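S.K.: Start from the sequences and build out the full structure, keeping to the hints where you can.
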Amino acid sequence: MATLTPTHTRTRDTVADAATIVVGAGLALSLGALLVEAFANVWRAPALLPQRWGTRGFDVAFAGGDAASALVTSLATGAASTVAALVLAWPAARVLGERRLDHPAAVFLLLAMPLLVAPYAVGVGLSEWFLRLGLSGTLTGLVLSHLTFVLPYAVLLLLSGFGPEMHGLEDMGRAAGLSVSQRLRWVTVPVLRPTLAAAALMSFLVSWSQYGTSLAIAPTRPTLPLLVLPFIGSDPQVAAALSLLFLAPALLEPVREGTIELGDRRLDAAVPAHRRRVSVVFQEPRLLSHLRVDDNVALPLRAAGAGRRERRARAAGLLEDVGLAALGDRAVRGLSGGEQQRVALARALCGEPDLLLLDEPLAAVDPHRREALRRLIIRLQVERRLTTLIITHDRAEAAELADTLALMLEGRIVQQDDPRELFERPRTAAVARFFGAVNVLRGTVRDGRLHVDGGGCVDVGGPDGPASYVIRPEALGLDGDGALRAKVTEAAYAGTFVRVVLRRGHQRLEAHVPLGTTVAVGETSGLHLPADRLWRLPADGERAVSTGS
Amino acid sequence: MTARRARDLGLLAPAILTVAVLFGGALAGIVRTSLVPLGGGASLAAWRALLGDPDFAAALVFTLRVTVVSTVLAAIVGLVGAALLRDRGSALRAMLALPVPVPHLLVATLAVLWLAPGGIAERALGGLPVDLVRDRAGLGVTLVYVVKEAPFLALLVLAACGRDLRAREEVAAVLGSGPWQRMRWVTWPAIRGPLVIGSIIVAAYAAGSFEVPLAIGPNYPPTLATFAYEATQGDVIAGQGEAAAALLLTSALSMFLALVAVRFARDVEGG
Numbered sequence: 235m236a237t238l239t240p241t242h243t244r245t246r247d248t249v250a251d252a253a254t255i256v257v258g259a260g261l262a263l264s265l266g267a268l269l270v271e272a273f274a275n276v277w278r279a280p281a282l283l284p285q286r287w288g289t290r291g292f293d294v295a296f297a298g299g300d301a302a303s304a305l306v307t308s309l310a311t312g313a314a315s316t317v318a319a320l321v322l323a324w325p326a327a328r329v330l331g332e333r334r335l336d337h338p339a340a341v342f343l344l345l346a347m348p349l350l351v352a353p354y355a356v357g358v359g360l361s362e363w364f365l366r367l368g369l370s371g372t373l374t375g376l377v378l379s380h381l382t383f384v385l386p387y388a389v390l391l392l393l394s395g396f397g398p399e400m401h402g403l404e405d406m407g408r409a410a411g412l413s414v415s416q417r418l419r420w421v422t423v424p425v426l427r428p429t430l431a432a433a434a435l436m437s438f439l440v441s442w443s444q445y446g447t448s449l450a451i452a453p454t455r456p457t458l459p460l461l462v463l464p465f466i467g468s469d470p471q472v473a474a475a476l477s478l479l480f481l482a483p484a485l486l487e488p489v490r491e492g493t494i495e496l497g498d499r500r501l502d503a504a505v506p507a508h509r510r511r512v513s514v515v516f517q518e519p520r521l522l523s524h525l526r527v528d529d530n531v532a533l534p535l536r537a538a539g540a541g542r543r544e545r546r547a548r549a550a551g552l553l554e555d556v557g558l559a560a561l562g563d564r565a566v567r568g569l570s571g572g573e574q575q576r577v578a579l580a581r582a583l584c585g586e587p588d589l590l591l592l593d594e595p596l597a598a599v600d601p602h603r604r605e606a607l608r609r610l611i612i613r614l615q616v617e618r619r620l621t622t623l624i625i626t627h628d629r630a631e632a633a634e635l636a637d638t639l640a641l642m643l644e645g646r647i648v649q650q651d652d653p654r655e656l657f658e659r660p661r662t663a664a665v666a667r668f669f670g671a672v673n674v675l676r677g678t679v680r681d682g683r684l685h686v687d688g689g690g691c692v693d694v695g696g697p698d699g700p701a702s703y704v705i706r707p708e709a710l711g712l713d714g715d716g717a718l719r720a721k722v723t724e725a726a727y728a729g730t731f732v733r734v735v736l737r738r739g740h741q742r743l744e745a746h747v748p749l750g751t752t753v754a755v756g757e758t759s760g761l762h763l764p765a766d767r768l769w770r771l772p773a774d775g776e777r778a779v780s781t782g783s
Numbered sequence: 005m006t007a008r009r010a011r012d013l014g015l016l017a018p019a020i021l022t023v024a025v026l027f028g029g030a031l032a033g034i035v036r037t038s039l040v041p042l043g044g045g046a047s048l049a050a051w052r053a054l055l056g057d058p059d060f061a062a063a064l065v066f067t068l069r070v071t072v073v074s075t076v077l078a079a080i081v082g083l084v085g086a087a088l089l090r091d092r093g094s095a096l097r098a099m100l101a102l103p104v105p106v107p108h109l110l111v112a113t114l115a116v117l118w119l120a121p122g123g124i125a126e127r128a129l130g131g132l133p134v135d136l137v138r139d140r141a142g143l144g145v146t147l148v149y150v151v152k153e154a155p156f157l158a159l160l161v162l163a164a165c166g167r168d169l170r171a172r173e174e175v176a177a178v179l180g181s182g183p184w185q186r187m188r189w190v191t192w193p194a195i196r197g198p199l200v201i202g203s204i205i206v207a208a209y210a211a212g213s214f215e216v217p218l219a220i221g222p223n224y225p226p227t228l229a230t231f232a233y234e235a236t237q238g239d240v241i242a243g244q245g246e247a248a249a250a251l252l253l254t255s256a257l258s259m260f261l262a263l264v265a266v267r268f269a270r271d272v273e274g275g
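Residue numbers (the numbering used here), protein chains in the order written: chain A, 235 to 783; chain F, 5 to 275.
Hints in this document: simulated from the structure, not taken from any laboratory.
Just so you know, not all the hints are guaranteed correct.
What follows is a set of in silico ranges between Cβ atoms, one per label pair, in the way DEER data are often shown [what the hints assert, rightly or not]:
#1 F/Ala-98 to A/His-740: 49 to 59 angstroms
#2 A/Gly-568 to F/Leu-13: 18 to 28 angstroms
#3 A/Gly-402 to F/Arg-140: 56 to 66 angstroms
#4 F/Val-40 to A/Ser-413: 53 to 63 angstroms
#5 A/Val-249 to F/Leu-169: 14 to 24 angstroms
#6 A/Arg-286 to F/Leu-129: 17 to 27 angstroms
#7 A/Ala-432 to F/Asp-57: 36 to 46 angstroms
#8 A/Met-406 to F/Arg-8: 14 to 24 angstroms
#9 F/Leu-13 to A/Asp-469: 49 to 59 angstroms
#10 A/Gly-497 to F/Leu-68: 51 to 61 angstroms
#11 F/Arg-8 to A/Arg-564: 23 to 33 angstroms
#12 A/Glu-586 to F/Leu-13: 50 to 60 angstroms
According to the in silico footprint, chain A covers these stretches of chain F (three or more CB under 8 angstroms from chain A) [as the list claims (entries may be wrong)]:
#13 107-113
#14 187-194
#15 217-231
Just so you know, these numbers come straight off a predicted model, no measurement behind them.
Virtual Cβ for every residue (Gly too), placed ideally from N, Cα, C.
M.R.: Structure, rendered in C-alpha cells:
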C-alpha cells in the first residue's frame, strides 16, 4: 500500500544538506586545528601555519611523568567506576525497564539527583568525609566520587535494554528449559550487548571528563582534565597535545507513482494527507496516550478548529456508537486492545471522511473480540453509507465485510468481483487456492464427461477439450460407489467437520465431510463431485493451473 | 509485602544505596562545611560573608544568565538539528553524535585555539567583530555550551522520534491535522519529555560547571563554581565555608531550574 506520508520538501533537504556540510566542516577544522597546534613548535601570529613543526607540546606534557601518570589515573578511575556502575546498575535497570514499580518516578528522581548538582559541590562535600576516612587523594576516593555521576547514566542507558521485548525473550528461554546462567549467556547478554556497550562507553566518558570532583578529592593526584586546564591559556601547544589524548575514547514513504482518485478528486503527492478527507484505521490503534479517550476520538474536530464542548459532545455520540459510552474520560492506557481499536474506529469516523480505509483493523484483536468488532464495522458501514476500503488477509473477513472484493497477488489485482464469485468461480487456480478451493482436477472433456488425468470420469457438461475444474473441500463428498476413486491418507477432527486428505497418484485432494461420517484411513473411497459445484477455470486460468502444478 | 516486591526492592537497593550514601554524604558534608569551619564551632559566619560579598551577587547574576541563555540556545539548535536530520541516514546522525562524548574542556581548548586574540580565526579573518574569549558577557562560555550540548539534545529528541511517532503523525495527518497541528498535538508531546530532561541536565551542568569558565570565561564576574573555587585559594578556613555555601546555593539554583522546567513542560500540554 502506498503510504500517505507527505513528501519532504526540497527546501528542507537543501537546508539539511547545508547544515551537514557546515557541521562536517566544523568538526574537520576543529580536529585539524588541534592536530596542527599539537605539532607546532613555533606558531606566531599572524601566520596561518606554524613556522616550525615538532613534538615540543608532547615533550613538555610528558616531562617529569606528569602526563603519563595523569593518563594512568584517568584510565584506572574510568575503568573502575565504569565496571562498578554497570554491576550496580544492571539489577536496578532490570526492575525499572520492566516497569514493575508502582511509582518509578521517585526512584528515577533519586538516581538522577546527582546530575542536577555541580560536580565540584559533590567533590567538596565528599572531601569532608574522605579526609576522615583516609580516602582523600587516593584512587579509591576518585572512583567513589566519580561513581556518584557515572551510576545514574549507567542506569538510564541500561534500562532501555530491559523492556518488554527482553522480558518476552527471557520467558521464551525459560519455557525452552534454559537455566538462569544459560539464559544470561545465550539470551540476555547477546540481546543486551549494544546497550551494554553504549552504557559502558558513556560511563567511561563521564568519568574521563570529570573535573570538579577530581579537583576537590585528589588535587595532588591529577587526572588528565586537571593537567590540561593550566596549559590552555599559558601554552596552547601543550594543551592541544594533551587534548589529543582526551579525544582517544571518543574516537573509539510517500505516494511515488500512479494516481489515486476519490470521486472527482485526484489524490496524489501534491495533496497533503490532512486534506485528503480519507480516514484510516490501522492494524494497531495508534492512540495518543497523553489524551483521554474522548479527546482522541475528537482529534479530527480539533484539527478543524471545533470548540471543546462540541468536540466532547460529538465524541460522546461516536463512543456510544462503538459501545464505549462510559469510557470517554478515561486514559487510553487502561483500555483493552479491542476497546482501543473501537476508539480508533470512532476517531476515524469523527472527521466524516469521504473514504474510510481499514488497514487490517482486526489483525491485532483477540479472536473472541474480532467477531463483535466485525459486526460493529458492518453496522456502521450500513448506517452511514460510508465508502470503505478494507485491507485484510482473512478471506472470511473479506467475504463478510465487502460487497466488492479485489484479490492482490504479488502486487497486482488478479480478480475483482462479488465475494461469491471469487469463492465459487475463481478466474485462476491461484485465486482458487487463495480462497480455499484447493482441489483442482485436470483432464479432457469429451461428450460432457471429464476424463481425469490418472483415470476416472466425472459428469461435467460443457464443451470438449482440455480443461481444469476446481471444487471446494466442503463440496467434495465421499461416496463408496463414486466413479472417481482416491486413497484416504489422513482424517482429522476439525471442530465442525472432519478434514479428510486423499491421494490419487501424485494429486492431493481435500474433503470436509460431516461429523459422524465413517472414514477409514488407508482405504480407497469413491468421490462424490456434484456437477453444480464444479467450476471450470477459464482458458487463462487453465494455463495458470498447468504452470502452477 | 509480596515476595516479588521484596525481590524488586532488593535488586534496586545496591544502586539506590550507593547514590544515597555518596550523594547524601556529599550534601551533608557540604552543609557541614558551610556551618562548621575547620577547627571551630558551628556558626553562620560563612553564609553572612557570602551574602554580603558583592562578588557573589555578580557571580549569581552571571551564572543565571549564562545558564539560561546557553540552555535555551542549545535546545533551539538541538531541535532544529533534529528536525533537519530526522529522515537522514545513520552516518549523519553519527556525525552529529561526535561532539557528545568529547569532554567540555576539549571544546573550551578548541574555542581558545580558534577564538582567542591571535587565534586561528583572527589570523584567517584579520579580526573578530566581538571578543569571545574572557569577555565580560560570557559569550565564549555560552558558545562552548551551545556547541557541546546542542548535539546531545538533538540526539535525545531524535531518539524520541522513532517509528512509533511517525505512525501517530500519520494517523493525525489522515484525520485532518495540518503540519503545525501535528507538531503541537503529536510530535511535541512525544519529544517534550526528553527535551526537558536533557535541558535540565544541560542547565545543571552549565550552572555548576567549573572548567569551561576557568578556561575561556572572564576574570570578572566569575560563575558561582569559579567563585567557590577562588574562595578556597585565599584564607583556607573561612574560604572553605564560603565556598561550600556558594556551592550549596549553586546546587539549589540547579534544582530550582529543574523544577521550573518540569512545571513548564506540564503546563504546555498541547491545547
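S.K.: For every hint, state whether the structure bears it out.
M.R.: Hint by hint, here is what the structure shows:
Separated by about 56 angstroms at the C-beta atoms, F/Ala-98 and A/His-740 satisfy the suggested range of 49 to 59 angstroms. The supplied range of 18 to 28 angstroms is met by A/Gly-568 and F/Leu-13, whose beta-carbon atoms lie about 26 angstroms from each other. In this structure, A/Gly-402 and F/Arg-140 meet the distance hint of 56 to 66 angstroms, their C-beta atoms being roughly 58 angstroms apart. At roughly 55 angstroms, the beta-carbon separation of F/Val-40 and A/Ser-413 lies within the given 53 to 63 angstroms, and the hint holds.
Judged by the Cβ atoms, the range 14 to 24 angstroms given for A/Val-249 and F/Leu-169 holds: they are separated by roughly 21 angstroms. Range check, A/Arg-286 to F/Leu-129: Cβ separation about 24 angstroms, and the 17 to 27 angstroms hint holds. Separated by about 44 angstroms at the C-beta atoms, A/Ala-432 and F/Asp-57 satisfy the suggested range of 36 to 46 angstroms. With their beta carbons about 20 angstroms apart, A/Met-406 and F/Arg-8 fall inside the hinted range of 14 to 24 angstroms.
Range check, F/Leu-13 to A/Asp-469: about 53 angstroms between beta-carbon atoms, so the 49 to 59 angstroms window is met. A beta carbon spacing of about 60 angstroms between A/Gly-497 and F/Leu-68 agrees with the range 51 to 61 angstroms that was offered as a hint. For the pair F/Arg-8 and A/Arg-564, the beta carbons lie near 27 angstroms from each other, so the given range of 23 to 33 angstroms is met. Taking the beta carbon of each, A/Glu-586 and F/Leu-13 are about 52 angstroms apart, inside 50 to 60 angstroms as hinted.
Taking a C-beta to C-beta cut-off of 8 angstroms, the segment 107-113 of chain F contributes 6 residues in contact with chain A, enough for the three needed, and the coverage statement holds. Coverage of the segment 187-194 of chain F by chain A holds [criterion: at least 3 residues with CB-CB distance below 8 angstroms; count 3]. Under the rule that three or more residues need a Cβ within less than 8 angstroms of chain A, the assignment of the segment 217-231 of chain F holds, with 5 such residues.
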